[in-house]
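Engineer: The chain contents come next:
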Amino acid sequence: MAGDIVEIVLRAVCVLAAFLVLPLLVGQTEHKVMAHMQGRLGPMEAGGFHGWAQLVADGIKFSQKEDIVPLAADKRVFRIAPALGIVSYLFALAVIPLGPHTVGADVPGSLVWVLAVGGIGTVGTLMAGWGSGNKYSLLGGLRTAAQLVSYELPLILACASFAIAAGSLSLVGIAHAWTPWWLLWQLPGALVFLVAATAELQRPPFDMPVADSELVMGPYTEYTGLRFALFLLAEYAGIVVMSLLLGVLYLGGWTGPFDHQIGWLWTLLKGAIFAVLIIWIRVAWPRLREDQLQRVAWLGLVPLALLQLAITAIGVVVTSR
Amino acid sequence: MTKFLSGLAKGMATTARTMTTHAHTQQYPHVKPELPSRSRGVIALLEENCTSCMLCARECPDWCIYIDSHKETTPPTTEGGRARQHNVLDRFAIDFSLCMYCGICIEVCPFDALFWSPEFEYSTTDIRDLLQEKETLGQWMPTVPAPEPLVPELPQTEAQQLVVDVEPEDDPAAGRTTKRGAGEVPRPGTEEQP
Ligand code: SF4
Ligand code: SF4
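Those protein sequences? They're chains D and F, same order as listed.
So the mapping is simple: this note's numbering equals the position in the first sequence, first residue as 1, plus 4.
So the mapping is simple: this note's numbering equals the position in the second sequence, first residue as 1, plus 86.
Mixed in with the good hints, there may be bad ones.
What the hints assert, rightly or not - If you want the ones that stay clear, here's a sample from chain D, every Cβ over 12 Å from chain F, calculated:
1. Ala22
2. Met221
3. Ile285
Said to hold, decoys possible - Here are some of the chain D residues that sit facing chain F, going by a computed Cβ distance under 8 Å:
4. Val37
5. His40
6. Met41
7. Gly43
8. Arg44
9. Ile64
10. Ile124
11. Ser217
12. Trp284
13. Val287
14. Ala288
15. Trp289
Stated by the list, open to error - Have a look at the derived ranges for each label pair, beta carbon to beta carbon:
16. Thr211/F to Pro74/D: 53 to 59 Å
17. Leu29/D to Thr88/F: 49 to 55 Å
18. Trp56/D to Ala232/F: 42 to 48 Å
19. Ser209/F to Gly51/D: 25 to 31 Å
20. Phe90/F to Arg15/D: 42 to 48 Å
21. Glu219/F to Gly229/D: 44 to 50 Å
Quick caveat, the hints were computed from the structure, so don't treat them as lab data.
Each residue gets a CB set at the ideal place from its N, CA and C atoms; glycine is no exception.
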């Protein structure tokens with residue numbers, strides 16, 4: 005019994021450590037990759053070597069700022085909102101496997117769990133938009149809600165395709181069922197997932213809710229200091245979760261040479277590929293207009309995801325015969 | 087649709103190419119910039135050349151040059167000679183919080199006492215400290231670069247030809263150049279060297 009509790013605490017601490025370190029890594033990568041893609045160097049001073057401690061310094065700066073709650077805000081909602089985004093991705097990260105046994109919590113329906121708690125983060129943004137008592141925040145929050153409704157559907161359909169192909173709802177089971185054929189067979193689904201995940205994270209080119217030229221900073225307009233930092237952390241934690249998820253679903257997670265010893269490294273590497281891709285998309289592409297955003301979801305992604313479902317179903321029926 | 091997709095692909099390709107090329111950033115405090123010699127960094131004063139004629143102070147559009155001087159009389163050096171008077175510069179100051187770097191003072195100085203220097207690191211924490219006295223202005227003299235050649239973009243031979251064109255009678259070689267006709271200046275490097 006005591007051993008169980010120690011193990012649970014240990015696993016929770018490991019997940020928390022990963023949750024605090026990986027988003028910072030992604031953030032630093034974004035600083036550097038984006039800078040070099042724009043012909044700059046990015047942070048070079050903080051910490052000495054190529055500005056490796058820039059985000060730590062940013063965090064210290066954020067924590068020193070005054071905690072301001074607007075007079076017109078719904079104060080309780082305003083204060084809780086950032087926590088929701090963080091917690092949702094923390095819960096999601098807990099069930100994503102790095103190796104067949106390297107997983108925070110090995111639950112049977114982990115794919116369903118990730119999708120379910122992943123949506124909570126958006127509710128946090130919606131609460132921030134509503135609670136700020138600011139028209140820009142409210143508009144941004146409503147745009148977030150519209151985006152969630154539109155893009156959650158293709159995201160779930162794409163995930164369903166992976167689940168059908170593997171015959172399992174558990175991420176560990178899906179990664180076990182993975183074969184190199186999936187690279188071709190599940191390609192449309194992976195594309196849909198990537199686009200929908202980027203939209204879910206409200207990253208450019210899908211950052212209409214925080215469109216700075218129209219809505220100041222969308223739902224985050226009124227936030228400063230640590231609460232704002234939490235929203236930022238949630239965004240990067242979201243990239244980590246979505247990238248690792250896609251790495252596990254589409255690239256087979258820990259599958260690779262020497263996967264008994266360094267399987268977790270393969271998962272992280274595959275996740276890193278998608279994280280860099282999400283960063284790259286942000287740098288290269290212009291922002292979509294609100295109506296274009298909805299058009300891409302309903303006329304592009306949903307039919308493509310349904311097509312992928314059909315292809316997957318046919319494939320499963322033919323091969324299981 | 088294909089245009090849209092090819093546009094997206096082009097965006098990815100351009101950013102990827104930029105990422106692999108060298109960044110343009112200059113790491114300023116660690117690496118000093120190489121400024122062209124015509125840079126308008128600060129105005130240096132060569133005190134020995136200044137006659138306190140006040141032309142610069144009067145032409146300065148925002149009156150940020152302060153000059154104080156007095157006259158001194160030098161006694162005659164030879165018997166029955168005349169005593170000479172000359173100006174002694176007591177104070178020469180430029181208020182760089184007002185200066186707009188128009189360069190009029192430098193242009194107008196008849197005695198070549200003012201020069202542009204590319205030196206730019208003289209910011210202060212108090213705006214009043216930007217009033218630089220003649221001692222400081224003099225300290226910037228060593229940073230003044232040597233003047234550039236008058237016609238830098240032409241090779242030396244052509245610059246000489248342009249000068250020779252004015253008086254073609256004396257030099258038979260120069261007479262040839264005038265026959266080419268005005269306005270037909272050969273491109274640098276294409277004409278044969280004399
Ligand atoms: S550069 Fe122009 S503004 Fe500055 S001191 Fe000279 S004349 Fe005055
Ligand atoms: S114009 Fe030249 S010589 Fe006359 S006061 Fe100014 S710096 Fe001195």
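Engineer: Against chain F, does Ile285/D keep a CB gap of more than 12 Å to every residue?
Structural biologist: Answer for Ile285/D: violated, closest chain F Cβ roughly 8 Å.
Engineer: Test the statement that Ala22/D is away from the interface with chain F: the closest C-beta pair must be farther apart than 12 Å.
Structural biologist: Ala22/D clear of chain F: closest Cβ-Cβ about 27 Å, beyond 12 Å.
Engineer: Holds or violated: is there a CB of chain F closer than 8 Å to the CB of Val37/D?
Structural biologist: This interface hint holds because 7 Å falls under the 8 Å limit.
Engineer: Does the beta carbon distance between Thr211/F and Pro74/D stay inside 53 to 59 Å, or does it fall outside?
Structural biologist: violated, 35 Å
Engineer: A closest beta-carbon separation below 8 Å is what the hint needs, so does Trp289/D meet it against chain F?
Structural biologist: holds, 6 Å
Engineer: Evaluate the given range 25 to 31 Å for the C-beta pair formed by Ser209/F and Gly51/D.
Structural biologist: Check passed, 26 Å falls within 25 to 31 Å.
Engineer: Are Val287/D and chain F close enough, Cβ to Cβ, to be under 8 Å, as the hint says?
Structural biologist: holds, 5 Å
Engineer: Please check whether the beta-carbon of Met221/D is more than 12 Å away from every beta-carbon in chain F.
Structural biologist: It holds; Met221/D is separated from chain F by about 25 Å at its closest Cβ, greater than 12 Å.
Engineer: Go ahead and decide if the range 42 to 48 Å is satisfied by the Cβ distance of Phe90/F to Arg15/D.
Structural biologist: Holds, at about 46 Å.
Engineer: Any CB of chain F closer than 8 Å to the CB of Ala288/D?
Structural biologist: Check passed: Cβ of Ala288/D comes within 4 Å of chain F, closer than 8 Å.
Engineer: Does the nearest C-beta of chain F fall within a distance shorter than 8 Å of the C-beta of Ser217/D?
Structural biologist: Result: violated, 19 Å to nearest chain F Cβ.
Engineer: Grab the minimum C-beta distance from Gly43/D to chain F and call the hint holds if it beats 8 Å, violated otherwise.
Structural biologist: Given a least distance of 5 Å, the restraint on Gly43/D holds.
Checked against the numbered hints listed earlier, the structure breaks hints 3, 9, 10, 11, 16 and 17; every other hint is satisfied.
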